[in-house]
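Engineer: Heads up: the protein sequence lines correspond to chains E and P, in order. One point on numbering: in the working numbering, the residue at position 477 of the first sequence is 477, and numbering is uninterrupted. One point on numbering: in the working numbering, the residue at position 172 of the second sequence is 172, and numbering is uninterrupted.
Keep in mind the hints are simulated off the structure, nothing from the lab. Everything numeric in this text was worked out from a predicted model, so none of it was measured. Accuracy of the hints is not assured; some may be wrong.
Quick look at which bits of chain E chain P covers, simulated, 3 or more residues with Cβ under 8 Å [claimed, not checked]:
hint : region
1    : 193-205
2    : 365-376
3    : 479-489
4    : 499-512
By construction, the Cβ of each residue, glycine as well, lies at the ideal position given by its N, Cα and C atoms.
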Amino acid sequence: MKMKLKPVKLSAKRAVAPVGHPVVPLKERRLNFGNKWDYAPAPEDSKSYVIAPQHELFINGKFVAPASGKYFESINPATEQTLTTIAAANAEDVDKAVKSARRAYDKVWSKMPDRERGKYLYRIARIIQEKSRELAVLESMDGGKTIKESRDVDLPLVAAHFFYYAGWADKLKYAFPGKTPQPLGVAGQIIPWNFPLLMAAWKIAPALACGNTVVLKPAETTSLTAMRLAQIFQEAGLPEGVVNIVTGAGETGAALVNHPDIDKLAFTGSTEVGKRIAEAVAGTKKKLTLELGGKAANILFEDAPLDQAIEGVINGIYFNQGHVCCAGSRLFVQEGIYSTVIKKLRDRIQTLRVGNPLDKNTDIGAINSKPQLEKIRELVQSGVDEGAQLTQTACALPAKGYWYPPTFLTGVTHAHRVATEEIFGPVLSIMTFRTPEEAFERANNTPYGLSAGVWTDKGSKIFKMVSKLRAGVVWANTYNKFDPTSPFGGYKESGFGREGGLQGLSAYVRLT
Amino acid sequence: MSDLRLDVRKTYKMYVGGQFIRSESGRFLPAKSSAGEHLDNICHASRKDLRDAVVAARPATDGWAKKTAYLRSQILYRAAEMLENRASALIAEIARSTGVSNGQARKEVTLAIDRLVYFAGWSDKFSQVFGSVNPVASSHFNFTTPEPTGIVVVLAPDEPSLVALVSLVAPIILTGNSAIVVASEKYPLPALTFAEILATSDLPGGVINILSGKHAELLPHIASHMDINAIVDASGSAETQVALQKGVATNLKRYTVRTLSDKDWFTKAGEDPYWIMDTVEFKTAWHPIGI
Numbered sequence: 001m002k003m004k005l006k007p008v009k010l011s012a013k014r015a016v017a018p019v020g021h022p023v024v025p026l027k028e029r030r031l032n033f034g035n036k037w038d039y040a041p042a043p044e045d046s047k048s049y050v051i052a053p054q055h056e057l058f059i060n061g062k063f064v065a066p067a068s069g070k071y072f073e074s075i076n077p078a079t080e081q082t083l084t085t086i087a088a089a090n091a092e093d094v095d096k097a098v099k100s101a102r103r104a105y106d107k108v109w110s111k112m113p114d115r116e117r118g119k120y121l122y123r124i125a126r127i128i129q130e131k132s133r134e135l136a137v138l139e140s141m142d143g144g145k146t147i148k149e150s151r152d153v154d155l156p157l158v159a160a161h162f163f164y165y166a167g168w169a170d171k172l173k174y175a176f177p178g179k180t181p182q183p184l185g186v187a188g189q190i191i192p193w194n195f196p197l198l199m200a201a202w203k204i205a206p207a208l209a210c211g212n213t214v215v216l217k218p219a220e221t222t223s224l225t226a227m228r229l230a231q232i233f234q235e236a237g238l239p240e241g242v243v244n245i246v247t248g249a250g251e252t253g254a255a256l257v258n259h260p261d262i263d264k265l266a267f268t269g270s271t272e273v274g275k276r277i278a279e280a281v282a283g284t285k286k287k288l289t290l291e292l293g294g295k296a297a298n299i300l301f302e303d304a305p306l307d308q309a310i311e312g313v314i315n316g317i318y319f320n321q322g323h324v325c326c327a328g329s330r331l332f333v334q335e336g337i338y339s340t341v342i343k344k345l346r347d348r349i350q351t352l353r354v355g356n357p358l359d360k361n362t363d364i365g366a367i368n369s370k371p372q373l374e375k376i377r378e379l380v381q382s383g384v385d386e387g388a389q390l391t392q393t394a395c396a397l398p399a400k401g402y403w404y405p406p407t408f409l410t411g412v413t414h415a416h417r418v419a420t421e422e423i424f425g426p427v428l429s430i431m432t433f434r435t436p437e438e439a440f441e442r443a444n445n446t447p448y449g450l451s452a453g454v455w456t457d458k459g460s461k462i463f464k465m466v467s468k469l470r471a472g473v474v475w476a477n478t479y480n481k482f483d484p485t486s487p488f489g490g491y492k493e494s495g496f497g498r499e500g501g502l503q504g505l506s507a508y509v510r511l512t
Numbered sequence: 001m002s003d004l005r006l007d008v009r010k011t012y013k014m015y016v017g018g019q020f021i022r023s024e025s026g027r028f029l030p031a032k033s034s035a036g037e038h039l040d041n042i043c044h045a046s047r048k049d050l051r052d053a054v055v056a057a058r059p060a061t062d063g064w065a066k067k068t069a070y071l072r073s074q075i076l077y078r079a080a081e082m083l084e085n086r087a088s089a090l091i092a093e094i095a096r097s098t099g100v101s102n103g104q105a106r107k108e109v110t111l112a113i114d115r116l117v118y119f120a121g122w123s124d125k126f127s128q129v130f131g132s133v134n135p136v137a138s139s140h141f142n143f144t145t146p147e148p149t150g151i152v153v154v155l156a157p158d159e160p161s162l163v164a165l166v167s168l169v170a171p172i173i174l175t176g177n178s179a180i181v182v183a184s185e186k187y188p189l190p191a192l193t194f195a196e197i198l199a200t201s202d203l204p205g206g207v208i209n210i211l212s213g214k215h216a217e218l219l220p221h222i223a224s225h226m227d228i229n230a231i232v233d234a235s236g237s238a239e240t241q242v243a244l245q246k247g248v249a250t251n252l253k254r255y256t257v258r259t260l261s262d263k264d265w266f267t268k269a270g271e272d273p274y275w276i277m278d279t280v281e282f283k284t285a286w287h288p289i290g291i
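Kindly produce the complete structure, drawing on both the sequences and the hints.
Structural biologist: Here you go:
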């Protein structure tokens, strides 16, 4: 840390304030580091990684040009510069990919001894670990997330996911006592742009471990690292066609969803699109799992460990620019600590550093795309128009790129759009409550049910809240923690099915 | 008694929120035997009746889910006791409705009772078998437990009229869900007699609700209702399946099809404990470990 703060000498004699340094009353104290809070730039090296100017589709183990001959640009949202061009797959390409996956399923993967299947996944996990820094840098350049997060959160979890599910491949019968688990066949998987590689790992690893083959469609703004993953599959010697990757926008996704030879569809994304997919598969034999939006309540009780809780609230909403489906975007504060919490939050967000995602000191990176930035602006404006009070950091934002400062809104009521709609940005809506009953009732008063947070030092209260909250993941005295052994997924309109853990296997097997 | 005595015919009421009700629409339908004989009358449920059933089931599921697993288990076992006690009424109902022999009807009723006992025992075991403590790679305690999803609509098949119904409903309610059953359109009487027996058990009102009437009329309303959490469809009809799956797109109801042949319901295939998993939600909780 290059903070230019004078070290404080600790001495037993300093029990009283030294003469000439009057004690500032507590209520007037504010964190104000001024320009002392400036760090020297510490950018991660990105020069040593070469990005090819054009990326093809990955079908049957080879990189092939799209049938349409069309490509689209992928930009770095922090600089608005074009990083590369990506192939746009149409229905013909998707059909080729599905056929390749079917062939690989019938001829190779379903016949592969389960232990060998597992060993491929172990090998993939190892290669990911070895290329972890490169992948993290590319992830940050392509999606705008900070290197701190892509390097320390995304990539370790990506590798861990492959390691975890690798070990399941030859132990599946123990996951389903009394049953014989069988693979489903070809899985079509559509993933979002907020955790591009991690979502690919969440989808691909359990599918392959259970003996399925895959056609994956990455999000159009973040396809770059998925294509690197394709290279890793090649390097690992994964049999041709076991994983196919088709890039493109909604049209590509629709072709995958509607393809008649898909046995299983897994989608992570918005609730709106999830519902359309559910409608499209009605009347088909396709097995479906959906991991959709959220509007999580983070509930802060008076007896919470306050400083820890503030850190948890900050991490809960500003992690990954708030582009997190389980983000703690509604903060419920018990009335007695409201003014203290607001003061601490106001001071804490001033210390968040927005800027170059590749700088190791950056806390908040770039918003993933221009449309997303516009959506955030529009929703925050609606909050202000409807009467909420806006607090934002005073930090300067870079001139180029898509940026949004850490923001919170107070005076929010349930009638406000910012209290009910998913913003998917660094914007926190703050409300108050009096009793635990009021807290869980209001927390549950949403069509979503993905996650929730509880902060209190009283154990019995935690268990009560955990049981009352209608959400698939409840973080108590912590937030936004993920692990391959821990199932993730929603109640209600946040989707169905679980990803991760023992329970995550169910989505990819047929029990006989 | 004189041969001149006239039978007292009954109109079977529907079972909603622990009450026996007629359709708010005032409509009735004849219940006929397999031979076409007019046996009795049943209520013809309307959209409003379905909505009323949901209103009754919502608080019921809250209370039922809150009961201990041990108590739910005992209450289901008590229901089996009541069925055993009233077996002859059910045997007669099945035989006269579906036209099977008394022997076959007896076989079905005794199996239904045994199956209820079987599932009763799962109440306090399913979360141990299907839940988990997860060894996360950080200093957190992390565990996953299955919880009831809420209100589940059940489409029962025509045959076997009782054992299928029990096999469908038991794995739903044993976790704390409540069920709204749309009885077989062809043979509704065994389901309605089952309701009359349940009413004398300790099962709280509203945990099982039974409607009768025309499936086609109710399907779109089941699919579009925003406060129904899940559907278990054993109708066996492709059209019904498509109509109900629209409900997934409405509010992401959990939707499961049970495709068993009439004979399958009498085998082990009809008592799959993994069916419990179709109407639960897995909740994962995290807490730091530290001092």
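Engineer: For every hint, state whether the structure bears it out.
Structural biologist: We went through each hint and held it up to the structure:
no. : hint    : in the structure
1   : 193-205 : violated (count 0)
2   : 365-376 : violated (count 0)
3   : 479-489 : holds (count 7)
4   : 499-512 : holds (count 5)
The structure fails hints 1, 2 (numbered hints given earlier, in ascending order).
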